[in-house]
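Using the sequences provided together with the hints, build the complete structure.
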Amino acid sequence: MSAIAPERTGVTSDRTGVTTDRTGVTTEQAIEGSQTIRLAPNYWPFVVPALVVVGAVIVFPWAFTLWMSVNRWTLGQSRSFAGMENYLRLASDPRFWESLVHTLTYTSLSVAAPMFFGTVAALIFDARFPLRGLLRGVFVMPMMATPVAVALVWTMMFHPQLGVLNYLLSLVGIPAQEWIFNARTVIPSLVAVETWQWTPLVMLIVLGGLASVPREPFESAEIDGANAWQQFRYLTLPMIAPFLMIALIIRTIDALKSFDIIFAMTQGGPGTASETINIYLYNTAFSYYDIGYGSAMAVVFFIVIVALSFILLMLRQRSQWIDAEGK
Amino acid sequence: MNSRLLNQIGLFFAALVIVSPAILFFLWMISLSLKFEIDNGAYPPILIPERFAWSNYVKVFEENNFLLYLWNSVLVTGTATLLALLIGVPAGYGIARLKAEKSAVVIMIARMTPGLSYLIPLFLLFQWIGILGTLWPQIIIHLVVTVPIVVWVMIGYFETTPMELEEAANIDGASSWQVFRLVALPIAKPGIVVAFILSVIFSWNNFVFGVVLASRETRTLPVAVYNMLSYEQVSWGPLAAAALVVTLPVLVLTMFAQKQIVAGLTAGAVKGG
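Going down the list, the protein sequences come from chains A and B. The first sequence runs contiguously to residue 327 in the numbering used here. The second sequence runs contiguously to residue 600 in the numbering used here.
Simulated from the structure, these hints should not be mistaken for lab results. Using N, Cα and C, we set each Cβ at its ideal position, and we do this for glycine too. Treat the hints with care, as some may be off.
Said to hold, decoys possible - Which residues of chain B face chain A? A partial, calculated answer using Cβ under 10 Å:
#1 Ala-342
#2 Val-346
#3 Trp-355
#4 Gly-368
#5 Leu-409
#6 Pro-441
#7 Val-477
#8 Ile-514
#9 Pro-517
#10 Ala-567
#11 Ile-588
Claimed, not checked - Which stretches of chain A does chain B cover? Using the computed rule of at least three CB atoms under 8 Å from a CB of chain B, they are:
#12 43-49
#13 53-61
#14 274-286
#15 300-313
What the hints assert, rightly or not - One-sided excerpt, in silico: chain A residues whose CB lies under 8 Å from chain B:
#16 Ala-121
#17 Ile-174
#18 Ala-176
Quick look at the structure:
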């Protein structure tokens with residue numbers, strides 16, 4: 001930390017040009033950083049308490065998890081060093097690979113559907129119409145509602161005999177479904193709940209993007225006779241692309257990590273049909289108390305999340321580069 | 328003029344269609360919570376029953392220790408949020424003034440990390456210290472959710488507040504702490520409100536930490552509701568009533584503070600957990 005401090009302080013003093021200071025930044029620090037004899041206010045004391053807390057509840061658990069992952073350790077039994085054993089076991093664990101497939105299926109569907117509906121909703125809410133504020137408020141509510149409470153009510157609605165959803169389907173002549181109680185339909189059903197809950201977040205991000213779009217290009221496009229679809233495709237879409245990308249990345253991370261809804265509704269069932277990595281991880285660590293193996297799984301899971309986010313970030317940079325090239 | 332009116336009506340109905348899943352869900356939730364067992368089991372389903380089963384709500388509080396769990400939730404969310412504000416607001420200020428953009432990456436990584444991977448080591452740690460039977464493990468681990476939210480929102484806020492006043496105060500000989508306390512903090516009040524609201528919501532809704540760390544006496548509301556689902560066989564009315572009780576404070580907050588929430592979420596695009 002102290003190694004970064006001089007440089008940072010220097011940058012600040014450069015920018016602000018503050019010349020008096022009585023709070024104890026040493027002169028050497030300021031000189032070292034900016035090579036001018038200016039003293040900057042010291043901002044590090046503001047950050048230190050947060051750094052300590054982040055170290056205790058975020059960095060320490062990470063270091064500890066890494067250490068546990070190279071140990072053979074089931075709670076209540078003795079611990080012994082295992083090297084890469086847990087990781088090798090993971091590679092040959094069919095249940096883990098199955099859960100990885102479930103996770104990727106669940107995630108791609110839970111990203112695609114909210115992205116589509118969220119963008120449509122944002123385009124609607126960007127316009128002016130009566131009761132817009134009220135409707136937008138109601139639209140945002142699912143994402144704020146407690147996930148467990150939501151999951152509980154959806155479970156009742158999915159009930160094959162008494163659920164309201166099968167009744168609604170019967171009204172339009174579609175046969176009754178088993179929803180979350182059938183291995184074939186469980187993931188799409190859970191995705192429906194996830195979509196219902198998280199479409200508003202995509203809507204809000206895209207709506208923020210639409211608010212920053214200038215009016216003039218649309219006026220000239222209208223004069224040139226472009227129709228609504230052309231205006232959307234060639235003007236709106238490129239301009240909100242960075243916001244769509246942010247929504248895509250956030251949604252991907254959240255969908256990969258999804259736990260509450262799946263756990264409360266199916267606990268990974270029926271059988272293991274909806275067991276994602278997160279659920280399998282929970283079962284390993286807190287049902288079987290296999291701490292070492294669970295930790296290895298947590299490490300691999302984190303790598304999967306970071307890798308996918310990284311790929312998306314690269315795509316984002318690439319698309320910006322192509323945009324710049326095109327201009 | 329006429330076509331503009333038509334356009335507005337069209338948009339209104341389009342909005343109504345896209346909002347309808349939310350409206351129908353919450354209406355059905357209320358309906359389930361106010362019906363007796365016979366009405367909840369009826370086919371075709373009944374939306375508005377002839378007799379309202381207010382007793383479902385009474386049952387929730389009488390039979391399930393719900394008042395205790397409500398109090399636990401208030402304590403955990405309240406303490407975790409206050410602690411997060413206490414350390415997160417100055418941190419956001421410091422990071423914004425230091426232009427330490429890399430710290431944003433740290434927060435992003437905290438966001439990417441699945442909650443469960445904090446749980447295994449911290450669970451063991453709490454066991455060793457011997458505080459597992461108390462509310463402290465949950466309060467501490469909720470900081471994983473609340474601190475990043477507060478820091479993130481506050482960085483965004485302090486970056487937009489003008490520097491001139493602070494520079495003037497500095498020249499007049501105020502210490503960094505005085506500048507923060509007397510100049511920066513008062514201007515940042517709206518930002519603190521946003522951070523507070525988001526922190527409360529995501530801490531209140533958190534489930535995964537409680538399901539591992541809570542004992543019978545230290546359950547928070549989401550865990551209590553989940554336990555009702557697993558142990559109390561299909562008794563839909565009280566279950567739906569319990570679900571509504573848990574999520575009602577958050578929904579009310581959402582309704583009243585919609586503007587702040589939207590501002591906070593779109594600025595940082597954060598979600599806890």
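Now the hints, each set against the structure:
1. A cut of 10 Å between beta carbons decides the hint on Ala-342(B): the least distance to chain A is about 5 Å, and the hint holds.
2. Among the interface hints, the one on Val-346(B) holds; its C-beta lies about 5 Å from the nearest C-beta in chain A, closer than the 10 Å criterion.
3. Interface restraint check for Trp-355(B): the shortest CB-CB distance to chain A comes to about 6 Å, inside 10 Å, so the restraint holds.
4. The beta carbon of Gly-368(B) is positioned within 10 Å of a beta carbon in chain A (closest approach about 6 Å), and the interface hint is therefore held.
5. Residue-level restraint check for Leu-409(B) is violated (minimum Cβ-Cβ distance to chain A is 13 Å; threshold 10 Å).
6. Look at Pro-441(B): its Cβ gets to within about 5 Å of chain A, closer than 10 Å, so that hint holds up.
7. Annotation: Val-477(B) was flagged as interfacial toward chain A, and the flag holds, the nearest CB pair being 9 Å apart, inside 10 Å.
8. For Ile-514(B), the shortest C-beta to C-beta distance to chain A is roughly 16 Å, which exceeds 10 Å, and the interface hint is violated.
9. For the restraint placing Pro-517(B) at the interface with chain A, the shortest Cβ-Cβ distance is roughly 18 Å, beyond the 10 Å limit, so the hint is violated.
10. Residue-level restraint check for Ala-567(B) holds (minimum Cβ-Cβ distance to chain A is 6 Å; threshold 10 Å).
11. A distance limit of 10 Å between C-beta atoms decides the matter here; for Ile-588(B) the minimum to chain A is near 7 Å, and the interface restraint holds.
12. Proximity of the stretch 43-49 of chain A to chain B, defined as three or more residues with a beta carbon under 8 Å from a beta carbon of that chain, is established by the 6 residues found.
13. Against chain B, the stretch 53-61 of chain A contributes 6 residues with a C-beta closer than 8 Å to a partner C-beta. That satisfies the three-residue criterion, and the hint holds.
14. Counting residues of the stretch 274-286 of chain A whose beta carbon lies closer than 8 Å to any beta carbon of chain B gives 5, which reaches the threshold of three, so the coverage claim holds.
15. Proximity of the stretch 300-313 of chain A to chain B, defined as three or more residues with a beta carbon under 8 Å from a beta carbon of that chain, is established by the 5 residues found.
16. Annotation: Ala-121(A) was flagged as interfacial toward chain B, and the flag holds, the nearest CB pair being 5 Å apart, inside 8 Å.
17. Given the 8 Å rule on beta carbons, the hint for Ile-174(A) is violated: about 15 Å separates it from the nearest Cβ of chain B.
18. The closest approach between the C-beta of Ala-176(A) and any C-beta of chain B is roughly 11 Å, which is over the 8 Å cut-off, so the hint fails.
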